[in-house]
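Undergrad: Given next are the chains, with one letter for each unit.
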Amino acid sequence: MHDDLDPAEFEDTARAVMASCAGAADVPARARLLGEAGLLGVLAPQATGGLDLPLRYAVPVCRTGGQALLGFPLIETLLLARLLADESPDLATGLVAGETLATIAWTGVVEDEIVGGAPVARVADYVLCFRRDGGALLLETAACTDLDETLSIDVDTPDAALRPGAAQVAQLDVAAVARLRADAKILRAACVHGSAAQCLELAVEHAQGRVQFGRPLSAYQALRHRLSRDALAVETMRNALVRALSEPAEGPAFARDAAWLGAAQAGPGVAESAIQVLGGMGFTWEVPLHRHLRQMRTQAVLGAAVEGLDDLAAHLLNGSNSPWNGDFHHVA
Amino acid sequence: MTASSALQTAPSGRSHAAHARDWLAENLKGRLRIDRAHEIPVTLQELVDFEVGMHAAGLAGITWPRAYAGHGLTLREHLEINREIGLAPVPNSVNSIGKELAGPIILAICNETQKAEYLPAILKMQAIWCQGFSEPGAGSDLAGLRTRAERTADGWRINGQKIWTSGASKSQRCLLLARTGTAEDRHKGLVLFAVRMDTPGLEVREIRSIDGHRHFCEVFFNDVIVDEADMLGAPDEGWAAATRVLSIERATNRMYRSWRFQSELEHLIDACRTDARAMALLTPYSRQLAQIRVEVELLKGHVETLVETLLSGGQIGPRGSFPKLYWSESHQRFAQIGWEIVSRFPPGVDGPLRDIRARMEAVYFASRAETIYAGTTEIQLDIIAGRILKLQKAA
Ligand SMILES: Cc1cc2nc3c(=O)[nH]c(=O)nc-3n(C[C@H](O)[C@H](O)[C@H](O)COP(=O)(O)OP(=O)(O)OC[C@H]3O[C@@H](n4cnc5c(N)ncnc54)[C@H](O)[C@@H]3O)c2cc1C
Numbered sequence: 005m006h007d008d009l010d011p012a013e014f015e016d017t018a019r020a021v022m023a024s025c026a027g028a029a030d031v032p033a034r035a036r037l038l039g040e041a042g043l044l045g046v047l048a049p050q051a052t053g054g055l056d057l058p059l060r061y062a063v064p065v066c067r068t069g070g071q072a073l074l075g076f077p078l079i080e081t082l083l084l085a086r087l088l089a090d091e092s093p094d095l096a097t098g099l100v101a102g103e104t105l106a107t108i109a110w111t112g113v114v115e116d117e118i119v120g121g122a123p124v125a126r127v128a129d130y131v132l133c134f135r136r137d138g139g140a141l142l143l144e145t146a147a148c149t150d151l152d153e154t155l156s157i158d159v160d161t162p163d164a165a166l167r168p169g170a171a172q173v174a175q176l177d178v179a180a181v182a183r184l185r186a187d188a189k190i191l192r193a194a195c196v197h198g199s200a201a202q203c204l205e206l207a208v209e210h211a212q213g214r215v216q217f218g219r220p221l222s223a224y225q226a227l228r229h230r231l232s233r234d235a236l237a238v239e240t241m242r243n244a245l246v247r248a249l250s251e252p253a254e255g256p257a258f259a260r261d262a263a264w265l266g267a268a269q270a271g272p273g274v275a276e277s278a279i280q281v282l283g284g285m286g287f288t289w290e291v292p293l294h295r296h297l298r299q300m301r302t303q304a305v306l307g308a309a310v311e312g313l314d315d316l317a318a319h320l321l322n323g324s325n326s327p328w329n330g331d332f333h334h335v336a
Numbered sequence: 032m033t034a035s036s037a038l039q040t041a042p043s044g045r046s047h048a049a050h051a052r053d054w055l056a057e058n059l060k061g062r063l064r065i066d067r068a069h070e071i072p073v074t075l076q077e078l079v080d081f082e083v084g085m086h087a088a089g090l091a092g093i094t095w096p097r098a099y100a101g102h103g104l105t106l107r108e109h110l111e112i113n114r115e116i117g118l119a120p121v122p123n124s125v126n127s128i129g130k131e132l133a134g135p136i137i138l139a140i141c142n143e144t145q146k147a148e149y150l151p152a153i154l155k156m157q158a159i160w161c162q163g164f165s166e167p168g169a170g171s172d173l174a175g176l177r178t179r180a181e182r183t184a185d186g187w188r189i190n191g192q193k194i195w196t197s198g199a200s201k202s203q204r205c206l207l208l209a210r211t212g213t214a215e216d217r218h219k220g221l222v223l224f225a226v227r228m229d230t231p232g233l234e235v236r237e238i239r240s241i242d243g244h245r246h247f248c249e250v251f252f253n254d255v256i257v258d259e260a261d262m263l264g265a266p267d268e269g270w271a272a273a274t275r276v277l278s279i280e281r282a283t284n285r286m287y288r289s290w291r292f293q294s295e296l297e298h299l300i301d302a303c304r305t306d307a308r309a310m311a312l313l314t315p316y317s318r319q320l321a322q323i324r325v326e327v328e329l330l331k332g333h334v335e336t337l338v339e340t341l342l343s344g345g346q347i348g349p350r351g352s353f354p355k356l357y358w359s360e361s362h363q364r365f366a367q368i369g370w371e372i373v374s375r376f377p378p379g380v381d382g383p384l385r386d387i388r389a390r391m392e393a394v395y396f397a398s399r400a401e402t403i404y405a406g407t408t409e410i411q412l413d414i415i416a417g418r419i420l421k422l423q424k425a426a
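From first to last, the protein sequence lines stand for chains E and H.
Numbering-wise, my numbering puts 303 at position 299 of the first sequence, and it's gapless, one number per residue.
Numbering-wise, my numbering puts 363 at position 332 of the second sequence, and it's gapless, one number per residue.
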């Protein structure tokens with residue numbers, strides 16, 4: 005049914021909705037706007053009011069969200085609405101409509117009695133918490149305690165730590181959580197891609213408008229080359245996403261990890277570079293570059309990018325299965 | 032049996048990848064393997080014979096029309112086969128200029144007679160080509176080249192000098208870029224030729240490079256006479272054709288690069304795993320190596336996206352700069368790390384450690400050229416700034 009839909013058109017629609025969200029008062033207001041536009045149900049089954057589309061359609065939604073500094077748990081809502089549709093159809097329907105708010109505590113496990121990295125948990129009705137065995141529990145946020153978002157650096161979508169309460173609403177098995185995490189890597193990479201692309205755009209615009217020594221900054225090769233490197237970083241993110249969503253010869257898992265780890269690594273660098281290009285203006289609270297930097301740095305933590313790199317390192321040290329090295333004798 | 036009837040492609044029902052894998056496992060042996068340190072280096076003739084075999088097996092000339100000894104497939108199969116070439120320790124082609132630069136340009140601008148003469152000879156390794164673009168006074172600023180081509184009664188007379196011409200001393204033909212007017216004409220009046228390297232008046236001097244090889248050369252042209260029949264395209268088409276050559280070079284040349292890069296990294300780790308002392312040297316670099324491994328995957332993203340663009344009829348244009356820039360710098364970082372590891376192996380190591388040490392040394396020195404040839408890093412950055420970001424130079 006979705007063969008006639010173009011993800012690029014989705015991107016235009018999404019961008020318009022994100023723009024209208026900029027004027028909304030708070031998270032619930034944004035939820036209603038996004039829900040009315042149908043963006044929250046992109047992945048959810050039709051029974052919940054969703055569109056039941058494949059993951060690649062959620063990419064432009066998250067990309068434009070990242071670009072617009074949306075201030076909404078977009079990745080969490082998109083994925084939970086799909087994931088909870090069977091077990092808690094009413095809840096999923098509420099998420100799709102933007103009437104119910106849910107989030108995910110991306111760091112820590114319930115067993116430790118404190119979890120963290122839960123975007124906008126303060127206003128969310130539900131929070132998904134992971135368990136040590138790889139499963140997850142959906143809890144009522146009202147029953148959780150010690151909610152604290154003071155450590156968040158993200159000013160648009162502050163994430164919170166909290167102590168999980170006993171009011172359990174649903175339970176997810178290991179396979180469901182594994183899929184959730186895998187899909188989140190793609191959507192996070194999309195968010196960072198949008199955020200970095202926006203920083204590059206702001207830097208390019210400034211460099212062409214600002215005159216020093218009688219010429220626009222964009223005339224100076226040091227800045228031209230800096231911006232070119234940032235363009236390379238952004239293009240690398242775009243192409244990595246395209247590849248991860250295609251059917252790469254080597255299978256999707258590593259392409260997905262690379263898209264995410266690459267974005268997490270390079271995205272903040274583009275914001276840092278843009279701050280440099282804007283000079284003193286770049287260091288002001290008013291210019292949104294720091295908010296992008298905060299958003300991307302936060303995503304890197306929630307998506308466990310450093311841990312992911314270390315996991316890959318450990319995996320690499322186990323050796324390859326290249327037939328050309330098959331006669332090597334490995335020591336322990 | 033004629034040569035063309037001996038051409039094999041993947042038998043029906045088997046993937047091109049599986050066919051390539053099997054052929055390489057069977058034929059890539061001994062001194063041909065670039066992942067082993069050899070007492071006696073491989074000879075040019077051995078390399079030529081191997082490439083003749085690759086072509087016959089369907090591993091080269093993949094996208095060229097069958098009429099010119101090609102295999103008539105698409106870039107998709109080219110990519111599929113090049114993945115396997117990259118993952119195996121296959122030597123770089125000694126005729127990559129012929130196969131990946133001259134060939135595509137000949138297909139694009141030459142007449143039938145020329146195509147029939149030049150193209151099959153490239154794939155059958157009867158003519159190795161070199162690229163005579165750079166000059167002592169014209170490197171990054173290629174449009175400043177001075178080599179003159181003057182019309183004679185039945186052709187052209189060439190005078191001038193080329194430099195850094197890779198493989199010139201082993202070549203039969205030179206893809207020469209020269210000008211009909213004066214250097215002030217810049218991009219106008221440039222013309223491409225296929226010059227026979229044995230033409231009187233043409234002299235080649237090898238230059239020793241930092242890796243100890245004598246591969247690139249100076250080529251001198253003193254009243255070298257070239258037939259009209261060896262002029263490629265129209266006079267004045269030279270710059271457009273040359274730019275196209277360079278954009279192809281950046282984007283599609285040695286498409287196996289990402290996979291070769293991957294296999295070098297895997298070789299380094301697999302070799303170190305054979306010795307606890309080597310492993311102790313490698314382990315502190317594990318996060319950096321993981322980062323490199325991610326970059327290899329991201330490079331594949333660039334390459335595969337460009338292939339998709341070309342397959343769907345799109346143009347690459349300046350976007351060929353992205354993979355060139357990304358690959359060359361990432362590969363240099365890897366080469367530095369690799370060298371730091373293998374250079375501290377204990378003295379007297381043998382077997383896999385000796386092999387990887389020799390390979391990383393070669394990769395390290397060779398990688399220094401990767402940010403210079405095919406347009407330097409600075410030139411790639413200029414291209415992105417000017418043609419992709421379209422940054423203004425004046426208010
Ligand atoms: C191994 C190897 C093989 C080669 N093979 C061939 C071949 O087969 N055929 C062929 O024709 N050529 C070949 N080349 C030549 C290659 O294309 C040139 O070396 C390259 O284009 C740079 O030119 P140059 O050496 O004259 O350096 P230059 O152009 O003089 O550049 C020197 C330095 O200045 C920088 N620079 C130049 N202009 C600018 C600018 N506008 N802004 C900022 N920085 C600038 C460059 O980036 C570089 O770092 C080969 C080179 C190498 C290293």
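The reader is advised that the hints may include incorrect statements.
Cross-link-like lysine to aspartate or glutamate pairs, in silico, EDC-like; alpha carbons within 20 Å at most [claimed, not checked]:
hint, chain 1, residue 1, chain 2, residue 2
1, H, Lys-424, E, Glu-205
2, H, Lys-155, H, Asp-267
3, H, Lys-219, H, Glu-181
4, H, Lys-201, H, Asp-229
5, H, Lys-219, H, Glu-143
6, H, Lys-421, E, Glu-205
7, H, Lys-201, H, Asp-267
8, H, Lys-424, E, Glu-209
9, H, Lys-219, H, Asp-172
10, H, Lys-421, E, Glu-209
11, H, Lys-60, E, Asp-331
12, H, Lys-201, H, Glu-297
13, H, Lys-146, H, Glu-131
Chain E is nowhere near these chain H residues, computed Cβ spacing over 10 Å in every case [said to hold, decoys possible]:
hint, residue
14, Ala-87
15, Pro-167
16, Ile-241
17, Ile-347
Please keep in mind that the hints were generated in silico from the structure rather than gathered at the bench.
All values derive from a computational prediction rather than experimental measurement.
A virtual CB, placed ideally from N, CA and C, is assigned to each residue, including glycine.
Undergrad: Run the distance test for Lys-201 (chain H) versus Asp-267 (chain H): straight-line Cα separation, threshold 20 Å.
TA: Roughly 29 Å between the alpha carbons, so the hint for Lys-201 (chain H) and Asp-267 (chain H) is violated.
Undergrad: Does Lys-201 (chain H) pair with Glu-297 (chain H) here, judged by a C-alpha cut-off of 20 Å?
TA: Given pair Lys-201 (chain H), Glu-297 (chain H) is violated - Cα atoms ~32 Å apart, limit 20 Å.
Undergrad: Mind checking the alpha carbons of Lys-219 (chain H) and Glu-181 (chain H) for me, to see if they're no more than 20 Å apart?
TA: Holds: Lys-219 (chain H) and Glu-181 (chain H) sit about 15 Å apart, inside 20 Å.
Undergrad: Lys-421 (chain H) and Glu-209 (chain E): Cα distance at most 20 Å?
TA: 11 Å, holds
Undergrad: For Ile-347 (chain H), is the shortest CB-to-CB distance to chain E above 10 Å, so the non-interface label stands?
TA: Consistent with the label, Ile-347 (chain H) stays out of reach of chain E, its closest Cβ about 13 Å off (over 10 Å).
Undergrad: Is the straight-line distance between the alpha-carbon of Lys-155 (chain H) and that of Asp-267 (chain H) 20 Å or less?
TA: 31 Å, violated
Undergrad: What's the verdict on Lys-219 (chain H) and Glu-143 (chain H), does the C-alpha distance respect the 20 Å limit or exceed it?
TA: 26 Å, violated
Undergrad: The output says Pro-167 (chain H) does not contact chain E. Does that hold with a beta carbon cutoff of 10 Å?
TA: 24 Å, holds
Undergrad: Tell me if the straight-line CA distance from Lys-421 (chain H) to Glu-205 (chain E) falls inside 20 Å.
TA: Between Lys-421 (chain H) and Glu-205 (chain E) the Cα gap is close to 12 Å, so the pair holds against 20 Å.
Undergrad: Hey, Lys-146 (chain H) versus Glu-131 (chain H), does the alpha-carbon distance stay inside 20 Å?
TA: 15 Å, holds
Undergrad: Minimum C-beta separation from Ile-241 (chain H) to chain E exceeding 10 Å: can you confirm that?
TA: 25 Å, holds
Undergrad: Against the 20 Å threshold, does the CA-CA distance of Lys-424 (chain H) and Glu-209 (chain E) hold or violate the hint?
TA: With Cα atoms ~13 Å apart, Lys-424 (chain H) and Glu-209 (chain E) stay inside 20 Å; holds.
Checked against the numbered hints given earlier, this structure breaks hints 2, 5, 7 and 12; the rest are met.
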